[in-house]
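Visitor: Read top to bottom, the protein sequences are chains A and B. Just add 379 to wherever you are in the first sequence, counting from 1, and you've got our numbering. Just add 26 to wherever you are in the second sequence, counting from 1, and you've got our numbering.
If you're looking for bench data, these hints aren't it; they were derived computationally from the structure.
Derived coverage of chain A by chain B (criterion: at least 3 residues anywhere in the stretch with Cβ under 8 Å from a Cβ of chain B; other residues may be distant):
#1 391 to 398
#2 419 to 431
#3 438 to 446
#4 500 to 508
#5 522 to 531
#6 719 to 729
#7 747 to 753
C-beta atoms are modelled at their ideal positions from N, C-alpha and C, and glycine is treated no differently.
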Amino acid sequence: MLVEIKPVTRIEGHLYAYIDIGEGGARVQLRAEGFRGFEKILIGRPIEEAPNIVPRICGVCPVAHHLASVKAVEAALGVEIPRASRMVREVMGLGGVAQSHLLQLGFLLYPDIEHGEEVRNIYSTQLFKMFIVLRKCVLRIVDISGGRHVHPFNAVPGGVLKLPLREDIDVMRTEAKNGLKILSELYGELRERIESFIESNTDVVYRRKSMAVLVGSKEIEFYDGMVKIIDDNNAELLFQPSRYMEFIVEEPIEYSYSKNVYITINGAKKIFRVGPLSRLTTLREIQHGVSGEFYKDFKAVLSKWPQHPLLYNLARLIEVAYCLEKIIEVLDELQNTPATPRAKTMVEEGEGIGIVEAPRGLLIHHYRCSGDGLITYANIITPTTMNIAAMEQDIKELVETLIERQLNNVEYIKKRVLYLIRSYDPCISCSTHTIHISPNSSS
Amino acid sequence: MTINIGIVSLAYCAGCEVAIASMERFCGLIGSGMVRIAYSTLLVDREELENVDILFVTGSIRTYEDIAIIKEASRKALKIVAFGSCACFGGIPGLANTIEREELLREIFSPLKPSTTNSRSKLTRFIVPLNTIVKIDYMVPGCPPPEPLIETLLDSLIYGKEFVLPKVSVCNECPLNRDDKKPLKKPRRKLLALNDIDINTCFLKQGILCMGPATLAGCKALCPSKGAPCIGCMGPLPNSKDQAADMIDALSIFYSVEPPEEILKAIPDPIGLLSMFTLPYSTIPYHRRVGGERIEKDVSRD
Numbered sequence: 380m381l382v383e384i385k386p387v388t389r390i391e392g393h394l395y396a397y398i399d400i401g402e403g404g405a406r407v408q409l410r411a412e413g414f415r416g417f418e419k420i421l422i423g424r425p426i427e428e429a430p431n432i433v434p435r436i437c438g439v440c441p442v443a444h445h446l447a448s449v450k451a452v453e454a455a456l457g458v459e460i461p462r463a464s465r466m467v468r469e470v471m472g473l474g475g476v477a478q479s480h481l482l483q484l485g486f487l488l489y490p491d492i493e494h495g496e497e498v499r500n501i502y503s504t505q506l507f508k509m510f511i512v513l514r515k516c517v518l519r520i521v522d523i524s525g526g527r528h529v530h531p532f533n534a535v536p537g538g539v540l541k542l543p544l545r546e547d548i549d550v551m552r553t554e555a556k557n558g559l560k561i562l563s564e565l566y567g568e569l570r571e572r573i574e575s576f577i578e579s580n581t582d583v584v585y586r587r588k589s590m591a592v593l594v595g596s597k598e599i600e601f602y603d604g605m606v607k608i609i610d611d612n613n614a615e616l617l618f619q620p621s622r623y624m625e626f627i628v629e630e631p632i633e634y635s636y637s638k639n640v641y642i643t644i645n646g647a648k649k650i651f652r653v654g655p656l657s658r659l660t661t662l663r664e665i666q667h668g669v670s671g672e673f674y675k676d677f678k679a680v681l682s683k684w685p686q687h688p689l690l691y692n693l694a695r696l697i698e699v700a701y702c703l704e705k706i707i708e709v710l711d712e713l714q715n716t717p718a719t720p721r722a723k724t725m726v727e728e729g730e731g732i733g734i735v736e737a738p739r740g741l742l743i744h745h746y747r748c749s750g751d752g753l754i755t756y757a758n759i760i761t762p763t764t765m766n767i768a769a770m771e772q773d774i775k776e777l778v779e780t781l782i783e784r785q786l787n788n789v790e791y792i793k794k795r796v797l798y799l800i801r802s803y804d805p806c807i808s809c810s811t812h813t814i815h816i817s818p819n820s821s822s
Numbered sequence: 027m028t029i030n031i032g033i034v035s036l037a038y039c040a041g042c043e044v045a046i047a048s049m050e051r052f053c054g055l056i057g058s059g060m061v062r063i064a065y066s067t068l069l070v071d072r073e074e075l076e077n078v079d080i081l082f083v084t085g086s087i088r089t090y091e092d093i094a095i096i097k098e099a100s101r102k103a104l105k106i107v108a109f110g111s112c113a114c115f116g117g118i119p120g121l122a123n124t125i126e127r128e129e130l131l132r133e134i135f136s137p138l139k140p141s142t143t144n145s146r147s148k149l150t151r152f153i154v155p156l157n158t159i160v161k162i163d164y165m166v167p168g169c170p171p172p173e174p175l176i177e178t179l180l181d182s183l184i185y186g187k188e189f190v191l192p193k194v195s196v197c198n199e200c201p202l203n204r205d206d207k208k209p210l211k212k213p214r215r216k217l218l219a220l221n222d223i224d225i226n227t228c229f230l231k232q233g234i235l236c237m238g239p240a241t242l243a244g245c246k247a248l249c250p251s252k253g254a255p256c257i258g259c260m261g262p263l264p265n266s267k268d269q270a271a272d273m274i275d276a277l278s279i280f281y282s283v284e285p286p287e288e289i290l291k292a293i294p295d296p297i298g299l300l301s302m303f304t305l306p307y308s309t310i311p312y313h314r315r316v317g318g319e320r321i322e323k324d325v326s327r328d
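Use the sequences and the hints to build the structure in full.
Guide: Pasting the structure below:
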């Protein structure tokens with residue numbers, strides 16, 4: 380039996396799912412289309428332009444690309460940025476994560492948790508309208524800190540172009556507080572719906588997958604930190620972002636314009652998951668008031684259905700609250716930080732790696748530049764690329780379980796596969812931005 | 027009456043879709059039933075495009091499948107909008123036009139043996155603007171299209187007002203464009219200029235490349251008004267055939283550089299910096315050849 384979903388809808392990008400079910404089980408191929416070749420486009424460009432070019436990889440998570448890129452440029456040029464500019468970037472990054480999560484929860488997932496309502500009917504519901512107002516609060520924060528929410532431009536090598544003025548900080552804080560208030564009102568109802576959506580899909584138990592996240596001194600780290608891997612046997616590994624090539628390997632896929640990414644731990648090559656579910660699973664607690672409380676709810680659900688991929692959706696909701704609270708904390712600090720926008724930059728030869736937690740997980744930008752500051756090498760690994768192998772594996776486990784239970788109606792299988800894929804919130808434009816540059820040919 | 031909109035996305039980033047979906051007015055129009063999204067893989071579930079009143083095309087034309095999709099889709103639409111600079115001019119992905127397709131492919135396939143089961147769509151030799159494939163009714167440029175411009179487009183859809191683009195440059199809308207045009211400093215590389223840039227003074231006066239003079243208005247000079255030099259995302263002015271050539275003109279009026287090659291120190295990548303969004307729309311005749319053959323425009327709508 381062949382199950383084809385062409386195209387996968389309500390996700391970002393062009394994805395076709397091919398599931399071939401035979402005697403030996405299900406063979407799953409996620410075929411990504413929409414190739415553009417950004418890593419090649421970057422070659423020969425002035426290195427300071429990279430943070431302007433790469434947001435165009437993805438209009439859903441452009442902030443993450445902007446920030447990972449500028450960090451890689453600074454690592455290559457050996458620049459340390461002033462504290463205030465780092466805080467502005469943190470605010471921009473947190474806002475970028477929150478707006479992307481709200482886009483997924485509101486526009487992409489919502490019809491599923493509303494049990495397949497028509498889109499038009501959904502846009503006229505009170506809950507959806509509140510979503511839009513909440514998202515607008517977050518967008519204003521990104522507009523001020525990043526310049527513009529789709530394709531921000533405020534971060535430049537050395538810092539930011541413009542530090543927010545006192546009144547800008549006040550506006551952002553008010554928006555964050557308003558957002559948090561709206562979210563608190565929405566939370567109960569949304570949590571209930573998402574939980575019942577998860578519960579109605581828990582007839583399938585998924586195998587444990589390895590996870591990779593960015594970790595800092597405490598809580599969730601989005602802007603900077605070490606990479607932590609917890610594998611499916613609970614073995615842990617911690618490494619500096621600059622060593623990613625030793626632990627994260629990419630392989631091209633014959634049938635797709637994306638690639639497969641694996642982690643290597645203790646000599647074994649493993650598929651892994653990144654993103655909100657991995658971030659909140661590896662975490663112990665959240666110390667902020669509102670998101671700390673929400674997080675306890677998440678933990679309760681997690682203990683019932685550990686690692687169930689549909690928990691991604693609940694994790695997103697919790698993270699939105701966390702981002703808003705963290706934004707308020709960073710803004711309070713920013714107000715009392717010396718207003719230096721940028722450190723001095725020089726044109727020189729170098730190599731740099733920048734890693735951030737994008738809305739969907741780890742995002743790696745890696746550049747080299749020549750003595751005249753032109754890019755000679757670029758490698759970008761996006762979270763969706765990392766998740767593709769885990770998604771295929773989860774789809775395989777899902778479909779095989781359904782078939783085993785004689786639930787072999789094609790439309791039903793399609794529906795369940797779509798729920799699963801959408802829960803990952805894949806960003807296919809991110810995963811196909813790319814071309815393969817093998818480690819041997821790059822040096 | 028409900029206006030049926032279809033959104034067909036080619037090689038894209040979804041920034042155009044996010045920009046429009048982020049507007050409360052747009053969501054309100056859907057909620058009230060004035061507008062219906064009949065097709066969009068991002069926003070609705072439908073697998074096939076039906077007949078629509080207006081078709082938004084976003085993204086660049088990168089494969090032969092894209093060309094086929096767009097020809098097919100155009101037969102189902104009363105009007106076609108090239109939405110965003112990728113559809114209008116090729117966009118940033120168009121910078122790949124200076125790279126041999128074979129080179130791109132070699133690097134994708136390098137670790138693999140050639141396969142007969144390959145199911146990926148075949149890349150075209152060059153990225154081309156949408157209007158070389160089908161006749162379009164409106165161009166809404168920008169990366170992403172700026173909100174004021176989308177507002178005008180929505181007005182035209184709902185009230186039937188004719189949608190017209192501005193006819194002036196970004197400088198005409200720029201708050202930093204105040205007094206005389208005398209340069210204060212010689213042209214210099216942006217990376218170095220960042221060390222002493224004054225975000226409240228015209229960037230060109232400070233010797234920093236700003237695409238304002240060669241770029242279409244409509245964004246209310248969004249970037250310069252927030253401290254960033256214009257990178258030209260709105261594309262050229264209406265009568266222009268080449269944004270880069272216009273900018274070279276503007277630079278030559280503004281600065282006198284001797285010897286002229288010295289300008290390359292300030293602008294080390296003229297193709298990337300002067301036509302970041304518009305290389306396929308320039309006087310270099312990419313659009314005449316795609317994949318070695320002459321590209322066939324669908325003239326049924328002309």
